[in-house]
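For the record, the sequence lines run as chains A and B.
Quick note: the first sequence, position 58, residue 58 per my numbering, numbers continuous.
Take any residue in the second sequence, count from 1 to its spot, add 1000: that is its number in my numbering.
Accuracy of the hints is not assured; some may be wrong.
Below, a list of computed lysine to aspartate or glutamate pairs in the EDC-like style, where the Cα atoms sit at most 16 Å apart [claimed, not checked]:
#  : chain 1 : residue 1 : chain 2 : residue 2
1  : A       : Lys115    : A       : Asp194
2  : B       : Lys1248   : B       : Glu1174
3  : B       : Lys1242   : B       : Glu1184
4  : B       : Lys1446   : A       : Asp194
5  : B       : Lys1248   : B       : Asp1147
6  : B       : Lys1222   : B       : Asp1202
7  : B       : Lys1446   : A       : Asp77
8  : A       : Lys115    : A       : Asp201
9  : B       : Lys1347   : A       : Glu144
10 : B       : Lys1162   : B       : Glu1092
11 : B       : Lys1117   : B       : Asp1198
12 : A       : Lys115    : B       : Glu1437
13 : B       : Lys1347   : A       : Asp80
14 : A       : Lys139    : A       : Glu125
15 : A       : Lys160    : A       : Glu147
16 : B       : Lys1559   : A       : Glu169
17 : B       : Lys1558   : A       : Glu169
18 : B       : Lys1162   : B       : Asp1199
19 : B       : Lys1446   : A       : Asp201
20 : B       : Lys1487   : B       : Asp1259
21 : B       : Lys1222   : B       : Asp1191
22 : B       : Lys1559   : A       : Asp194
23 : B       : Lys1156   : B       : Glu1145
24 : B       : Lys1102   : B       : Asp1199
25 : B       : Lys1066   : B       : Glu1092
26 : A       : Lys165    : A       : Asp101
Hints are computed from structural coordinates only; laboratory data are not their basis.
Values in this document were obtained by computation on a predicted structure and should not be read as measured data.
What follows is the residue order along each chain.
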Amino acid sequence: MTALPDSLPSAPEVSPPRPPGGAATVLEVDHFNLWYGPTHALKDVSMTIGERQVTALIGPSGCGKSTLLRSLNRLNDLIDNLRTGGDVRLRGDSVYRRGVDVISLRKRMSMVFQKQNPFPKSIYENVVFGLRVDGEKRKAVLDEAVERSLRGSALWDEVKDRIHKSALELSGGQQQRLCIARAIATRPEVLLMDEPCSALDPIATSRIEDLIVDLKREFTVVIVTHNMQQAARVADVTAFMYLGRLVEVGETTQIFERPRFSETEAYITGRYG
Amino acid sequence: MADASKLPPLPPSPYGRFFRDGHPWIWTTRAVTAVLLLMVVGIVGIVVFNGLRTFWPRRLVRYEMKDGSVVVGEEIRREVRRVGLDSREQEEVFVRVGNREKYGGNDFRWIVAADVKSTSVPEDLLSFERMEHGPAYGRVRQVLEADVVDGRRVQKVVAEGKGALAALERGIVEAAERRASRLELQEGEIDTVSRAVDDVNDRRRWLARTVEPDDPAFAVRKAELDREEATLQERQQGLLQKVGAVLKEDRRHLVLLEDGAGDPWPRPVAISQVLRIDAVNELSFVGRVGLCVARFWRFLSQPPREANMDGGIWPAIYGTILMTLIMTIFVVPFGVLAALYLREYAKQGWAISAVRVAVNNLAGVPSIVFGVFGLGFFCYLVGGWVDRTFFEQRLPTPTFGGGGILWASLTLALLTVPVVIVSTEEALAAVPRSLREAAIACGASKWQTIRRVVLPYASPGILTGTILAMARGAGEVAPLMLTGVIKLAEDLPLDGEAPFLHPERKFMHLGFHIYDTGFQSPNVDASTPLVYSTTLVLLGLVLLLNLGAITLRNRLRKKFRTGVFG
Ligand SMILES: Nc1ncnc2c1ncn2[C@@H]1O[C@H](COP(=O)(O)OP(=O)(O)OP(=O)(O)O)[C@@H](O)[C@H]1O
Ligand SMILES: [Mg+2]
């Protein structure tokens, strides 16, 4: 295992940088810092996420990928003793400003978690959960959302005959696709995915990868992954994180073929992590 | 560091494996569980056995004594007792001889086994169940009709000998019909009218308090009240006359019984006093089982008689169920809301920990203390305020200002709320974080997350707490004695009379009934079996309530926890 230098190159001066590939900016992370009590988990992270691109976050375990992802929709608010510095902006709207309506911001970003977590309700109720909390009651709207989202997550054909059955009766992979359906049902602007395939077999994984590529046409996707091939297959842009810092962001081909930093190269060639 | 592989291996110990595998502990746990099980089975067994035996029709035995006297009764048990100054041991038989008023108020008797010359079980002996004075044993001699001729009471024999029994049975049916019509009158119209009279009296007192006697309005209002009372009283008189006629008819139909030895009673008694005749000695086993079931059913469905020494326990069952339900209606929302605040909203710190400790310790406060609190706070303070505000006319007679089923239920709710809080908190803590995060990430607010995800998921745990609270509340007696339980309630707290639920009424309760029949009864031998029977019913009731809640919980569990591999 190669030891890495303690002092890492500082973030690029242009702050925040333009998203690679010339896409419009959806999310900007601006000199963001985060502390879990005494632990400084994110150190001065700045990056931009381009519209209708898949951005992959990679890096060794514990480097802060999940933390960064969960900072985007302020899911970390649930944790005690959390402090943040800097800001995140969703199309220019500050996420961390005082008095901001966190709930309506979260509705513009949906999340899919590492471990599938469907609600103990019917498939139907799982998909429309986001709409229901918005107060949507019209059956036609809900029905349309269910079919659209389940088709969108490539689950419709498998479950269309039993959408009123418990979601807990689905297989693990189906449950994960249900969670994706739940996330896209409210037509969010950004889809945040934290290792969505880590608990799935290769077939389910490849289905979800295909799905992510499909979803790109409509959504902006940020995905955390440990799987280099997956990042290479699905991501337009890849960001490498290490020890709470964002080391390098770039177009996926550039990161994988011509990484600028030796740490990045060491990680993607599997020499550590 | 020494290389472990180079050390010599440990010698095999003959006991090593035995202890390493934990056999002594496994056996200890088994033994403890077995002891526990034995104790539970033992106590339940005793209650079930004795509770049901109360209703089992025993044979009526005729003991001919060596001195020529005859004793007839149910043999309760045989015992070797120490008697006399030299306390010598002798076998004695404990016999229920019935006919209480004939034998000077005590219908149980010890007879010396050695003094018995012979015993027999005559087929024609009958057991009479009576309104008053417990059972009578013997035969029917004459059925009579009393009439007043020229101002003198004369009795005419209607049936005698073989026909007497059939005539008595007909008489019992007629008396039952008369009783039903009388009760309908008494509990219906008469009750309504006497309530109206009470109301007029309340208004009269109110008038005296609020209007000066020399005010002209006083006279007008007083005259109004007088008129109202006069009509009511007239109506009441009419009704009472009807009842009087029924009672008079009751007194006309008489029966002369014989005791077991064949001697007639000194005087005939009213047929309406006899409720049932059973030829217990003739019954087959199936007949006995049937009679036992019938008696048990009557015990469950009828009100008590004779200062709770006889009759049934229906009002107590009713009161217990109703009180437990009212308590549950209060305790569940209260406990769940408190737990929600403590677990979900409050900032966890020393203050919340202190509250939690306080709540848990509340469960250790002796229940009588809750009774005192309930009496002081609910009955006197809150009830007093309710009376002054809404029932001022009736003062000084308290309406809510004394014990009542509402205050008793609230007191028990307070007593059992820690159970609900603790189990709800545990259930909330057990809701997977991932589910909360999923809801939050979908844009649900904290409250929406709780309502739509957390509470449904925690509901089986909340129900567990409810079950525990109900079981505890249903069996609690001490606080009730201060806050509204009563030895004998005339009216049920929920009945057909508007407004149907009467939260201010006192009520009967199985737990208190056990205490009352067991320890306050003038006739211990007669009431002890009823203690077992009442306990059996209380146990059964708690079991039923629990089974209901457990079924509900299991349904919910199934709904929320079935999953493919977790
Ligand atoms: N709730 C928390 N409280 C305190 N420290 C935390 C908490 N969550 C994460 N951390 C710490 O923050 C750092 C980053 O964690 P994070 O979960 O973001 O890593 P990650 O890159 O997602 O790792 P993995 O690939 O294993 O999921 C780790 O050192 C972790 O110990
Ligand atoms: Mg992670």
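Tested hints:
no.: 1; hint: A:Lys115 / A:Asp194; result: holds (9 Å)
no.: 2; hint: B:Lys1248 / B:Glu1174; result: holds (14 Å)
no.: 3; hint: B:Lys1242 / B:Glu1184; result: holds (12 Å)
no.: 4; hint: B:Lys1446 / A:Asp194; result: violated (22 Å)
no.: 5; hint: B:Lys1248 / B:Asp1147; result: holds (10 Å)
no.: 6; hint: B:Lys1222 / B:Asp1202; result: holds (12 Å)
no.: 7; hint: B:Lys1446 / A:Asp77; result: holds (11 Å)
no.: 8; hint: A:Lys115 / A:Asp201; result: holds (13 Å)
no.: 9; hint: B:Lys1347 / A:Glu144; result: violated (41 Å)
no.: 10; hint: B:Lys1162 / B:Glu1092; result: violated (36 Å)
no.: 11; hint: B:Lys1117 / B:Asp1198; result: violated (63 Å)
no.: 12; hint: A:Lys115 / B:Glu1437; result: holds (12 Å)
no.: 13; hint: B:Lys1347 / A:Asp80; result: holds (10 Å)
no.: 14; hint: A:Lys139 / A:Glu125; result: holds (12 Å)
no.: 15; hint: A:Lys160 / A:Glu147; result: holds (8 Å)
no.: 16; hint: B:Lys1559 / A:Glu169; result: holds (11 Å)
no.: 17; hint: B:Lys1558 / A:Glu169; result: holds (12 Å)
no.: 18; hint: B:Lys1162 / B:Asp1199; result: violated (55 Å)
no.: 19; hint: B:Lys1446 / A:Asp201; result: violated (34 Å)
no.: 20; hint: B:Lys1487 / B:Asp1259; result: violated (33 Å)
no.: 21; hint: B:Lys1222 / B:Asp1191; result: violated (24 Å)
no.: 22; hint: B:Lys1559 / A:Asp194; result: violated (28 Å)
no.: 23; hint: B:Lys1156 / B:Glu1145; result: holds (5 Å)
no.: 24; hint: B:Lys1102 / B:Asp1199; result: violated (44 Å)
no.: 25; hint: B:Lys1066 / B:Glu1092; result: holds (15 Å)
no.: 26; hint: A:Lys165 / A:Asp101; result: violated (35 Å)
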